[in-house]
Amino acid sequence: MIENEFNRRDFLKVLGWSGAAVAVSGCGFTSVQDGAETVVSYVEANEYMVPGIGVYFNSTCAQCDAGCGISGKVREGRVLKLEGNAASSINRGRLCGLGQAGVQAHYNPDRVTEPRTGKGEKLDWEKALGQVKEKLTGVSGDEIAFLTGNLSGHLKVLLGNYMDALGSKNHYVYDAVAPAVVRAANKKAYGSEMPALRLDKAKVIVSFGADFLGSWVSPVNFSQQYAQFRKGVNNGGRGVLVQIEPKMTLTGANADRWIPANPGTEGVLALGLINALGAAGVSVPSDIAASVSAYGVDRVSKETGVSAEQIQKLATVLKERSPSLVIAGGGAEGYAHGSQNAAAVALLNQVLGNVGKTVEAPSVVPFPQLAPTAGGTTGLKAFNDGLAAGKFKVVFTLGANPVYSAPAFMKLSDNLKKASFKVALTDAIDETAAQADLVLPLDSAMESWGSLVAEYQADDAQIGIQQPLMERLYDNTRSAGDILLSLVKQQKADDYKAFEDYYAYLRGAVVQAKGALGGAGMDDDEFWNTVLSNGIVKTGNASSSLRASAAAVALPAAVAADSAFPLRLLPYVQPSFRDGRHANLPWLQESPDPLTTIVWDSWVEMHPRTAAKLGVVEGDIVEVASKSGSIKAQAYIFPGIHPDAVSVPFGNGHTTLGRYANGVGANVFQMLDPVFDQETGELAINETHVKISKVGQRVIVIKDEGAAGGSQAGKKIAGRVASNKIDLSKEV
Amino acid sequence: MRHILRLSILLIGLFASSASFSADTLPPVNTADDLGPQVDQPIEFPHNRHAKDMGINCMYCHTYARRAPVAGIPPLQKCMGCHNGIESVKDKPRIKELFKHWEEKKPIAWKKVHDLPDYVRFNHERHVKRFIVQQDKPVQEVCGYCHGDVKEGTVARRQKPLSMGWCVSCHEKAHPTDKTAQATAQGPNDCWQCHK
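Residue numbers (full-length UniProt numbering), protein chains in the order written: chain S, 1 to 732; chain C, 1 to 196.
Treat each hint with caution, since some may be false.
Covered, in the sense of this in silico footprint (three residues per stretch, anywhere, with C-beta under 8 Å from a C-beta of chain C), are these stretches of chain S [as the list claims (entries may be wrong)]:
no., region
1, 473-483
2, 584-598
Listed below are the simulated DMTMM-like cross-link pairs for lysine to aspartate or glutamate, each with C-alpha atoms no more than 25 Å apart in a straight line [to be verified]:
no., chain 1, residue 1, chain 2, residue 2
3, C, Lys106, S, Glu37
4, S, Lys411, S, Glu126
5, C, Lys78, S, Glu37
6, C, Lys105, S, Glu44
Bear in mind the hints are in silico, worked out from the structure with no lab data behind them.
All C-beta atoms in this analysis are idealised placements derived from N, C-alpha and C, irrespective of residue type, glycine included.
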């Protein structure tokens with residue numbers, strides 16, 4: 001009986017095979033479609049425009065504050081790809097991944113496209129700006145506050161004028177991951193907040209937690225200098241890089257020696273090195289020598305956890321390979337004594353005689369009014385204090401998302417409610433815009449006019465010009481410049497009536513200064529077209545100089561650990577996320593972190609020994625709790641971190657930033673403890689102590705690398721040598 | 001045993017039938033003319049008036065063909081360049097429509113009639129250079145290899161199959177390398193020339 005023998009399983013098999021047969025035989029022919037798609041011709045075409053062939057326009061990257069020049073490929077009116085602008089002295093034709101993703105910020109489907117009220121009702125611009133004017137009537141200047149990210153160029157001037165017109169002095173500049181403490185220490189030691197660092201001239205670089213290849217200040221510029229340094233172009237041989245940081249960064253991974261000194265002891269190590277250098281015959285001013293005499297090798301070794309032998313070797317390398325360069329970065333400054341740490345590192349530079357050799361006077365644009373305002377967390381604190389005291393009635397935010405990135409202890413979200421009218425100038429509904437009473441949608445950087453002066457300019461000072469690479473995607477977005485111009489016109493119509501829009505304002509200002517900008521003898525149009533064609537204006541350098549004022553540094557005694565919170569939290573500034581404003585760009589979520597290769601998530605990085613002690617394996621969901629808050633994330637076991645610390649990256653854990661960011665990972669800003677640098681008042685981001693507990697869940701960590709440690713499939717591709725077996729002196 | 005035998009006969013039968021069914025639907029390589037369907041365009045453009053009666057070179061309007069992968073549809077500006085000065089046809093309905101688009105600065109949404117699948121890259125520039133520039137062949141003949149005898153038609157309509165087999169049938173032929181040379185060469189036959 002066939003029914004009995006031909007059962008369900010066989011039937012399914014037959015069905016499967018016949019399906020496969022149809023699928024196989026169906027391949028190989030797709031018909032040409034006639035009349036299914038439209039092809040729209042231009043009404044008027046520019047002569048340089050050829051369909052199918054890209055045209056490049058120069059502009060300036062707005063993804064971070066480094067101010068790299070970009071060159072955008074535009075085809076059929078759409079920007080497709082960004083490259084670095086070769087004429088820019090900052091990035092010399094190169095561009096990082098974060099910069100590349102600028103295209104995605106432009107095409108992001110979650111952009112705000114129309115002005116809207118807090119309830120989500122759409123408005124036209126006239127009504128939206130009318131609301132601002134109405135809410136400002138009868139409000140005194142003291143009751144108005146404007147919080148921005150770092151600003152420079154003509155936008156900064158315009159905002160200054162607006163605040164003056166309102167009679168307000170409450171412009172706060174906020175950058176959640178700024179090198180603010182190092183700036184202050186540099187200012188004291190060298191007379192310049194950001195001197196030019198000549199990595200390429202140094203024979204050895206000792207970096208105290210500055211991730212200059214990944215996320216610190218101007219990574220594209222530093223990467224190119226680093227290549228020169230390694231090739232030995234200007235320093236007569238391959239340079240040696242030593243990175244001192246308790247959490248390995250991209251720079252640490254590239255270093256010849258990565259030394260995980262105990263977190264916070266960078267200053268002790270720097271003073272110990274000065275002492276050791278003095279003992280080795282390097283001339284140290286007597287008052288400095290006296291002040292570091294207490295930092296003998298044994299004591300330093302005990303406090304920092306770096307072996308005495310290693311310290312001696314470091315001192316030898318620094319002595320024999322001159323000029324050297326010592327840099328203090330995020331890893332050294334995020335403590336209550338961060339200023340002293342940074343000062344100790346600067347002192348080491350001075351003792352080594354590097355000032356004037358590898359630490360040079362920066363290039364400065366000779367227009368102080370355009371210079372960048374470099375903010376830190378003190379700006380946020382002042383803004384928050386004002387809110388908490390109920391001082392502000394009308395607040396504006398631009399280029400800052402404090403509701404996301406302010407630590408929970410500040411209670412900023414609650415304090416913000418005390419302001420009766422909150423205006424957010426933003427390109428996406430981030431956490432701050434979600435609380436706003438009025439959202440003003442911004443053009444993307446590919447759509448707007450602007451000018452940018454970078455904080456770090458090693459040579460050849462320049463102003464970056466931002467020009468639209470294509471028409472607006474949405475009719476109802478406006479550039480920050482246009483919005484500010486409209487707002488300032490509400491107050492002082494007569495002063496600005498000559499400027500129809502921000503483009504006219506910017507063009508007018510640049511053309512007016514053409515004599516000083518190398519355009520003497522050109523007519524206005526010719527000069528302006530040259531500026532746009534170059535994407536940058538070389539300004540020539542204002543005179544600037546460094547002084548080396550070596551002063552003794554006193555470090556505080558180490559604070560005993562709190563046994564309830566035994567581990568130190570070292571938040572990690574990821575090269576592509578920085579303070580989290582780019583978490584809505586899928587290219588960046590998709591790009592593996594350079595060290596862990598993890599994508600689309602946050603993680604808790606811990607040393608194998610620490611993990612073993614806690615009984616944690618990779619993929620365990622753990623709760624990281626501080627006195628101020630807690631997060632949950634997957635554990636990742638990594639030997640590149642100090643055993644007494646755990647690390648969680650900044651940037652993820654958004655709730656309203658759009659489909660690619662919401663619900664991805666955890667927000668580590670929220671759980672930071674209220675500890676501040678004692679000199680500058682900046683938030684000490686490495687001073688949070690935590691405890692770890694397992695939640696009882698386990699996930700597969702989504703990452704690009706293979707099994708932990710890498711088996712190399714038995715092929716012995718890279719040899720393994722224990723770190724204590726390597727002789728650093730051979731690299732001298 | 002019988003079970004396996006029956007099952008396999010059934011399998012072979014089903015496989016053969018479905019395979020032969022789909023083999024029937026696969027068209028043989030066809031190099032003959034294959035007239036595409038009539039496509040309604042926003043303006044019924046008379047190619048015959050322009051290419052035959054007026055004798056205008058194809059590349060006067062499709063000017064990008066020699067410079068880019070795509071031939072391009074001429075910008076409205078180009079139409080107006082001539083029609084602004086041709087009083088005799090100004091009140092014809094199609095020309096009125098043209099003027100309306102121009103005055104409103106509204107582009108015309110033409111329908112594509114030569115629309116290759118997205119995984120095929122055809123480069124106009126390469127073909128124009130090979131046949132018109134190097135071999136000095138008449139423009140209308142060269143364009144006609146793929147577009148048919150455009151000067152005899154009105155609204156553009158696909159004339160050739162534009163299938164892969166049809167492309168290859170020409171790439172297999174030996175073509176002289178220039179107008180005087182005896183040497184010949186074939187078009188490229190590697191997959192990635194078109195499938196990049």
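**Report entry** Hinted pair lysine 411(S) and glutamate 126(S), Cα distance within 25 Å
**Finding:** Judged against 25 Å, a Cα distance of about 34 Å means the pair is violated.
Query raised in the report: Within the region 584-598 of chain S, is the number of residues with a Cβ closer than 8 Å to a Cβ of chain C three or more?
Result: Violated, because only 0 residues of the region 584-598 of chain S bring their Cβ atoms closer than 8 Å to Cβ atoms of chain C.
Query - 25 Å Cα cutoff - pair lysine 105(C), glutamate 44(S) - result: Roughly 9 Å separates the two Cα atoms, so the pair holds.
Query raised in the report: Quick check: the region 473-483 of chain S, covered by chain C? Criterion 3+ residues, Cβ under 8 Å.
Result: violated (count 0)
Query raised in the report: Are the Cα positions of lysine 106(C) and glutamate 37(S) separated by 25 Å at most?
Result: 18 Å, holds
Report task. Would you check the hint for lysine 78(C) and glutamate 37(S), treating anything up to 25 Å between C-alpha atoms as holding? Result -> Status holds; Cα separation ~23 Å.
Violation of the numbered hints given earlier is confined to hints 1, 2 and 4; the remaining hints are satisfied by the structure.
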